[in-house]
Amino acid sequence: MNSKTPPHSSWMAAAVLTAFAAFFLSTTSPFALILPVIYLGSLLLPYRFERDSAGIWGVRLLVYAVFAVLGRAPTGAPGYFVDSQAFTTAGLIAGGELLLQAFRRPPEGARFDGWMVSLSGVIFLIASNTFRIHIWVLAPLYMLFLLLALPDLRPRAASRSARSNLRRVAMIVGAVVIGAVLHQSLWVYRGSIMAMGARLISRAASSNAVQNNSVGDTAQLSSAFAANASTTRLVRVQGALSDSHLRAAAFDVYKDGTWGPPLSRRTMKAALPKETNEEEPDAERTRRSTASAAKFTVLRDTGGVVFLPLNAWAILPENGQSFDWDRFQGPVKIDEPTPISYYVIDSQKEAYDFLIEQGPLTVSLEQANKEVPAVENVEQIAQTRAALMIVPPEIDPRVTQLARDIAKNGSTQAEKAAMIVDYLFSTNKYSLEFVRGSQDPISDFVLNKKGGHCQYFASAATMMLRAVGIPARYVTGYYAHERDDDGTTIVRGRDAHAWTEAYFRGIGWVRLDATPPSGRADPAVSPLPAYQKPLEKAQDAFARVRNWFGNLTQLQILGLVAVVLTLWGLERWRQHRKIARKRALTPLPPPQLAPLARRFERLLAKRGITLVAGRPWSETLPDELHNERGWVEGYNRARFDRVEEEEIRELEQELRKLEK
Amino acid sequence: MQTQNGTRPHTASRDALRAVETNLSSIIKGKSADLELILIALASGGHILLEDAPGTGKTTLAKAIAASMDGIFRRVQFTPDLLPADITGSSFYNPADGSFEFRPGPVFANVLLADEINRTSPRTQSALLEVMGENQVSTDGRRHALPTPFFVVATQNPSDYAGTYPLPEAQIDRFLLRVSLGYPDAASELDILYSQNQHHPLEDLRAVVSTGDILAIQAEVKNVRFDRAVGEYVVRLIHATRDDARLRIGLSPRGSLALYRTSQARAWWHGRDFVLPEDVRALALPVLAHRLVLDTKARYSGAAAGDVVNELLQSVAVPR
Numbered sequence: 048m049n050s051k052t053p054p055h056s057s058w059m060a061a062a063v064l065t066a067f068a069a070f071f072l073s074t075t076s077p078f079a080l081i082l083p084v085i086y087l088g089s090l091l092l093p094y095r096f097e098r099d100s101a102g103i104w105g106v107r108l109l110v111y112a113v114f115a116v117l118g119r120a121p122t123g124a125p126g127y128f129v130d131s132q133a134f135t136t137a138g139l140i141a142g143g144e145l146l147l148q149a150f151r152r153p154p155e156g157a158r159f160d161g162w163m164v165s166l167s168g169v170i171f172l173i174a175s176n177t178f179r180i181h182i183w184v185l186a187p188l189y190m191l192f193l194l195l196a197l198p199d200l201r202p203r204a205a206s207r208s209a210r211s212n213l214r215r216v217a218m219i220v221g222a223v224v225i226g227a228v229l230h231q232s233l234w235v236y237r238g239s240i241m242a243m244g245a246r247l248i249s250r251a252a253s254s255n256a257v258q259n260n261s262v263g264d265t266a267q268l269s270s271a272f273a274a275n276a277s278t279t280r281l282v283r284v285q286g287a288l289s290d291s292h293l294r295a296a297a298f299d300v301y302k303d304g305t306w307g308p309p310l311s312r313r314t315m316k317a318a319l320p321k322e323t324n325e326e327e328p329d330a331e332r333t334r335r336s337t338a339s340a341a342k343f344t345v346l347r348d349t350g351g352v353v354f355l356p357l358n359a360w361a362i363l364p365e366n367g368q369s370f371d372w373d374r375f376q377g378p379v380k381i382d383e384p385t386p387i388s389y390y391v392i393d394s395q396k397e398a399y400d401f402l403i404e405q406g407p408l409t410v411s412l413e414q415a416n417k418e419v420p421a422v423e424n425v426e427q428i429a430q431t432r433a434a435l436m437i438v439p440p441e442i443d444p445r446v447t448q449l450a451r452d453i454a455k456n457g458s459t460q461a462e463k464a465a466m467i468v469d470y471l472f473s474t475n476k477y478s479l480e481f482v483r484g485s486q487d488p489i490s491d492f493v494l495n496k497k498g499g500h501c502q503y504f505a506s507a508a509t510m511m512l513r514a515v516g517i518p519a520r521y522v523t524g525y526y527a528h529e530r531d532d533d534g535t536t537i538v539r540g541r542d543a544h545a546w547t548e549a550y551f552r553g554i555g556w557v558r559l560d561a562t563p564p565s566g567r568a569d570p571a572v573s574p575l576p577a578y579q580k581p582l583e584k585a586q587d588a589f590a591r592v593r594n595w596f597g598n599l600t601q602l603q604i605l606g607l608v609a610v611v612l613t614l615w616g617l618e619r620w621r622q623h624r625k626i627a628r629k630r631a632l633t634p635l636p637p638p639q640l641a642p643l644a645r646r647f648e649r650l651l652a653k654r655g656i657t658l659v660a661g662r663p664w665s666e667t668l669p670d671e672l673h674n675e676r677g678w679v680e681g682y683n684r685a686r687f688d689r690v691e692e693e694e695i696r697e698l699e700q701e702l703r704k705l706e707k
Numbered sequence: 006m007q008t009q010n011g012t013r014p015h016t017a018s019r020d021a022l023r024a025v026e027t028n029l030s031s032i033i034k035g036k037s038a039d040l041e042l043i044l045i046a047l048a049s050g051g052h053i054l055l056e057d058a059p060g061t062g063k064t065t066l067a068k069a070i071a072a073s074m075d076g077i078f079r080r081v082q083f084t085p086d087l088l089p090a091d092i093t094g095s096s097f098y099n100p101a102d103g104s105f106e107f108r109p110g111p112v113f114a115n116v117l118l119a120d121e122i123n124r125t126s127p128r129t130q131s132a133l134l135e136v137m138g139e140n141q142v143s144t145d146g147r148r149h150a151l152p153t154p155f156f157v158v159a160t161q162n163p164s165d166y167a168g169t170y171p172l173p174e175a176q177i178d179r180f181l182l183r184v185s186l187g188y189p190d191a192a193s194e195l196d197i198l199y200s201q202n203q204h205h206p207l208e209d210l211r212a213v214v215s216t217g218d219i220l221a222i223q224a225e226v227k228n229v230r231f232d233r234a235v236g237e238y239v240v241r242l243i244h245a246t247r248d249d250a251r252l253r254i255g256l257s258p259r260g261s262l263a264l265y266r267t268s269q270a271r272a273w274w275h276g277r278d279f280v281l282p283e284d285v286r287a288l289a290l291p292v293l294a295h296r297l298v299l300d301t302k303a304r305y306s307g308a309a310a311g312d313v314v315n316e317l318l319q320s321v322a323v324p325r
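Sequence lines, in order, name chains A and B.
Straight run, no breaks: the first sequence in the working numbering ends on number 707.
Straight run, no breaks: the second sequence in the working numbering ends on number 325.
Errors might be hidden in some of the hints.
[Unchecked claim] No farther apart than 25 Å at their CA atoms in a straight line, the calculated lysine to aspartate or glutamate pairs in the DMTMM-like style are these:
hint, chain 1, residue 1, chain 2, residue 2
1, A, K625, B, D312
2, A, K625, B, D248
3, A, K625, B, E237
4, A, K476, A, E462
These aren't lab readings, by the way, just hints derived from the structure by calculation.
When you get a sec, could you build the whole thing from the sequences and use the hints?
So this is what it looks like as C-alpha cells:
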C-alpha cells in the first residue's frame, strides 16, 4: 500500500456510483451495497496498492471467494458455474475488478485513467443486469479494457531481476494458497457470515430484513406470525382482481401441526397446450385476452410458484414460457428467474375459448374433465375426494362433535360452511401470537377458544368442514389489498395469509376465509417507510431499461459497443492532441541538443518513468537514478550556459552509456 | 534539484554568505529552506517580509540577520500612533545659524527592522514606499540618499489578526520575497528549548560579513548568465498571471524583475553561473504569491494566491 491518491474526477465517481446504484436496484441481495461503500472508501482513503503488488491478487481471490460462497447453488457448486447466475456473477466479478482498479496506484506522474474505470463501471452495470446471452459479448469487451490497462502493470526497471521474479512468483503462489484457504473457511462458516451480514443490514433497514420469500415447502402452524414485518414487494398486479386472495399452494394432509404434502414431493406435469395457449397465438386473440386480463409480475424469487386467484380461468405466459403444475393440489410453477410476468384471465369476465371448469387449479371432484385428458382419471378424483374428507386421529373427537353441533341446522353444504365460519369469527379472537399447549394445536385453538392468527383459523375451518362432510383444504397465499392510484395492486411479504377452500356439490370450489376481518392485512397495515415508494419507482424504471436492453439483439449490442469504443477513441485522440499542442508550445532545445533530449526522454519511457509535459526532468526523475540525474546536470549546462562543441559530444557519449 | 557539484569554484564572497547561513541556522533551527530564501534576498539586494503567527521567531530572525552584518542596524517598532516623520526623519530649526537642519530618522541604516509593520496606520506604511523603492528620502524639496546596502526586514502577523492594517498593494509589491517560517518540527523545537537555557544564542552572534562583501555579492549575482529561453519562461509565467480570471491584479514588471534577480541569486548560491528553469520554479511561490490579488469570487470559493501560482507552474511549459 502506498499513500498516493489518484486524482479522481467527480464525473467518473458519479458514473461508477450510478452503476452500483443500478446494480443494487436490480439485485435481490442487499450485499451489493458493500461494493459502493468500498468504492467510496477508495475516494477517501489515501492507501493504494503498488502497481505490481501481489496483494492485488490476494484481494482478487478473496473477492472471488466471497462471491462464490454467496452465490453457491443448492447443489454446492460455486456460483460461477450455475448457468442461471452467470450474469450476476459476471457483474460481481466486474465490480470487484472495478474496486481493485480504484485502489491501484496509478503510474508515476500519470493522471488516473478515468475512462478505464468509468467504462468498466458501465460494463459492470450491463453485465450484471442483462440476460445471460449478452455476457458473451460483454465479457470480451471487459477483457479488452483490462488488456489496455496492462502496460501500466508492467514491473518497474529497478525490480527486474531473477530474485525479485522468484519472489513475485512465490507471493502469487502464497496468495493463491491463502485465497483457497479463505474460500474454504468462508464456505464452512457461510451460515454465520450470512446471518451476520443480514443482521448488519437489517439494522440499517429494519423493515426490509432479508428473508426467504419462497413459498414454504410445507405449511407449519407457527406460534408467531413472522412474515408480517417485511415490506418487500413480491408481486405487482396490473388490472382488476375479482378476488383479493391470491393462492400459492394448497395442502391436503394434516399431521403433527403441519400441512402437507411437501411441494417438493408433488408430481409436477408440464401444462397442456390447451391450458396455457402455448401454440402460436394469433395476435388478435392475444390482444383480446390480455386486454381483459390481469397482468401479474413476480418481482422476488418465490421458488417459482405462481400466484392466482381461485377463480382464475386461464393463465397465459408473457414470453411463451411453460408452466408446470400438480393439477389436483397445485401449485403452478414456472421455471424462470424473476421477474416473471403472466396474464391471468378471470372467469367472471368474458368467456375464454378454452374452459377448464373453474380454472387451472380447480379440478372437479364430481366428473372427469372433458377438455383435459390427463385428469379424466376418475379413480384419482375419488382418491382426492377421499383425502379431502379425512379428519386425522390426532384431532380431538370433541372438535368433530362441536362442528356437527354448530352445523346441525344447516340444510345445504353452503349453509353448514357459513355456520362454521361464523362460529370461528365470533368465538376466537385474532392474535399474532399463539400460546401453544401440549395438545394438538388445532384442537387446542378450537376447544379452548384461544386467540390465534390466520393459520389457526384456516386450519380449524378446514378440519371442521371435513367433520361435517364437506371436502376442504388448507391454502397459503397472499391477501392483495394495497391498491395504487394507477390501478396496480402491490403484494408485499407482510401480506402473507392462509385460508380454506371447500368443494360444494353442484357448485364447485369456494374460497372461505374464517379469519376475522381485524386479522387480515388491511386494517393492521402500518404505514410504509417514506423511502419505500420512491425506491420502488426507481426499481421499476430501472427494470424497464433492463427489459429494453434484454430485448436488444446481439447485433444491436455490438453496435452500441462500437459507438462506445468510438467515443472512447475520440476522447483519447482529443487528449493526445491536447498534449501534442502543449508540446508544440514548449520551447524546443537548439538543434544540436534536440536529438539528445528526445533520446533521453525515450530512455526514461523505457525505464517506466512517465514524463509530464511541461515540467523539468529533474522534478520527475526518481532520486535513486544518480547517473541519469548527473546527465541532466550536464545537459542543463549545455542548454542554459554556453559550452563548446566537444562538451556536447561528451554528453552524447554519456547518454550512449546510459542507454546500455 | 541541482546541487553544487563543483560546477564552478567557490568564491570568497559565497563563503562570506555561507558564514551568515551558519549564524542564522544556529538561531533558527530546522528551517534551512527558508533561510536560503533570506540569503537569496540579501544576495539580490531586496527586502524581506516575514509573515507568520506570533511567536514563530520572525523578530529573532531579523535581529540575527542584522547581527551578522557589520553595518548600521536600526529597529522601528510599528505602533498605531507612529507618524511618517518618526521613521524618515524631519527638519529642525537651528537657532544658531537660523537654518533648517535635517535630522535623519531610523530608516538611515543598512539593515532596518520594521517590526509588526501592519500594526501602524496606512499613512505611516506609505512613508516607506519611496524609501524601499528608491533608497532615498525626500523632505522639504531635498533628497537624502540612504546608505548602501539598504535592507528592510519587515515582520507582520497575517492580516486577519485583530488590530492590524493590511499592507497596501503598492507597499507589499516592494518586498522581494515573502517568507513564512511556520512552526518548527519536534526535534528542532526541543533544540530551541535547550539552546535558550542559559542565555539567548543571539547574544553570541558576531558580524561575519561586511557591507562591502554584500555589495560585492550583489555585483557578482548580476553576472550570472540568464539564458533567453529561461527569460522567456519567466515572461510566460508573469503573463499567465495577467490572463488568469481568478486574479484581480496580475504581476507587474517589478514582479518579473524580482523573479529574474532572485533566480540569478539562487543559481549563484548553488554554485552555478547560469540560471535554470528550476531556479525560477523554486522561487515563484515566495516571490510572486504575495503580490497577487485574488478576484472576490475566487477568494470566496476558497482559492489562495499560492494555489494559483502552483497551478500556473504546472500549466506553463518549461524549456528543456
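So, going through the hints one by one against the coordinates:
no. : hint            : verdict
1   : A:K625 - B:D312 : holds (23 Å)
2   : A:K625 - B:D248 : holds (20 Å)
3   : A:K625 - B:E237 : holds (22 Å)
4   : A:K476 - A:E462 : holds (23 Å)
When held up to the earlier numbered hints, the structure conflicts with none and fits them all.
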